[in-house]
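**Q** The lines below spell out each chain.
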Amino acid sequence: MSIDSTKLFELVIAASLINNFVFTRFLGLCIFFGVSKKMETAVGMSITFTAVMMISAALSWLIFNYVMVPLEITFLKIIVFIGIVAGFVQASDTIMRKVSPGLYYKLGIYLALISTNCIILAVPLINAGEHYSFIESLAFAFGSGIGFALALVIMASIREKLELADVPAPFKGLPIAFVVTGLIALAFTGFSGLIKL
Amino acid sequence: MAQTSTVRYLDLIKNGIFKENTIFKLALSLCPSIAVTNNLRNGVLMGAAVLFVQVMVNITISLMRKIIHPRIRLPIFMLVISGWVTVTDLTMAAFAREAYKQMGLYIQLIVAFASILARAEMFASKNKVTPSMFDGIGMGLGFLFALTVISFFRELLGKGSLWSFPIIHAKPLLIMILPAGGFFAVGILMAFFNWMSMRHESKGH
Chain A
1 MSIDSTKLFE LVIAASLINN FVFTRFLGLC IFFGVSKKME TAVGMSITFT
51 AVMMISAALS WLIFNYVMVP LEITFLKIIV FIGIVAGFVQ ASDTIMRKVS
101 PGLYYKLGIY LALISTNCII LAVPLINAGE HYSFIESLAF AFGSGIGFAL
151 ALVIMASIRE KLELADVPAP FKGLPIAFVV TGLIALAFTG FSGLIKL
Chain B
1 MAQTSTVRYL DLIKNGIFKE NTIFKLALSL CPSIAVTNNL RNGVLMGAAV
51 LFVQVMVNIT ISLMRKIIHP RIRLPIFMLV ISGWVTVTDL TMAAFAREAY
101 KQMGLYIQLI VAFASILARA EMFASKNKVT PSMFDGIGMG LGFLFALTVI
151 SFFRELLGKG SLWSFPIIHA KPLLIMILPA GGFFAVGILM AFFNWMSMRH
201 ESKGH
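Protein chains in written order, with the working numbering: chain A, 1 to 197; chain B, 1 to 205.
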């Protein structure tokens, strides 16, 4: 199996910039608005997120292609994928607490949040829908993770400033965050058409 | 007796639509509120799908509440939810092909809705079947209502049409159907709801 590195690069760029999960696919918004208040949490979340996403994409790919396709039970993919993600998150939570309490203290709280995140679930679903190969799935998951991290960091740095701004009362909190996200999304529209896949 | 219980059910429904509106008040399950609301038909279909899943999940959980061991309740809830989502997903794929092509992924992702899990955990697992059903209807209708409002404005302003019938014959504001427009629409509507409840409160005092 030869790996076409240009294709992989394109996948990463497409997943992170052009089809950025937050700004053009609108997934993971709950977490996006939840943890983008502070830079520190945003960075912690991004790291945990990318790692979990790549591992769960790999696991789901293996199970989908070696168990579900041969058994012809692909219609159960929603149930199976959510099981894989939830199980994996729970397992890494337990393992991290035992093996590295320091890391758990820093990132553990994000793990709990991740299991109900739609991006983590969307990545395996898209991988299965597009029939990506194993390496392509990993590249897609990595790109998505980077894209989400980028979105979080941009948003966190804006919101830290926004705290000090004088916003009209009804717009305080989430509404203004939405409008700001809209503005960033507008900027991200500029990336569309960068690569034709 | 019958009178009071009807009132209670109505309250449950009202609670879901206004007081605890999933999108405008609780700010949960936001992803589809922007993703599929660039035209009215998709918004309504998505809302209906969520309504169905929410009601069925509430009923199922409520029926099973006595036999679910509390320690493993979350995985069981997830299983029930994903089961009903699969049902919806396959039905939509069979009967609403055109819409499914555009929003299939988001239908599948109803699984990850915090609001559905939250209602199962907070309400259905503690209440009898009928109240749970009404709670589900209320929450689902609230969601449907929110999606309808958002997609109404976005399609009207962005394409000048409603349910793909042309209404306004002027140059539409293209931005409203772009991703960015979705964020603007939700932000402004949220602010509007905040403003309404602020006024409501200040009148009460």
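Simulated from the structure, these hints should not be mistaken for lab results. Please read these numbers as outputs of a predicted model, since none were measured by experiment. All C-beta atoms, glycine included, are put in the ideal place defined by N, C-alpha and C. Keep in mind that a hint or two might mislead.
Derived CB-CB ranges, DEER-like [unchecked claim]: (1) LEU76/A - MET122/B: 20 to 30 Å; (2) GLU163/A - ILE67/B: 26 to 36 Å; (3) LEU76/A - PHE18/B: 32 to 42 Å; (4) LYS14/B - THR6/A: 52 to 62 Å; (5) GLY173/A - ILE72/B: 42 to 52 Å.
Subject to a maximum C-alpha distance of 30 Å in a straight line, what follows is the list of computed DSS-like cross-link-like pairs (lysine-lysine) [said to hold, decoys possible]: (6) LYS38/A - LYS19/B; (7) LYS7/A - LYS14/B; (8) LYS161/A - LYS38/A; (9) LYS38/A - LYS172/A; (10) LYS37/A - LYS19/B; (11) LYS161/A - LYS98/A; (12) LYS101/B - LYS172/A; (13) LYS37/A - LYS161/A; (14) LYS172/A - LYS161/A; (15) LYS19/B - LYS7/A.
**Q** Starting from the hint list further up, note which numbers the structure goes against and sort them upward.
**A** Violated hints: 2, 5, 7, 11, 12 and 15; rest satisfied.
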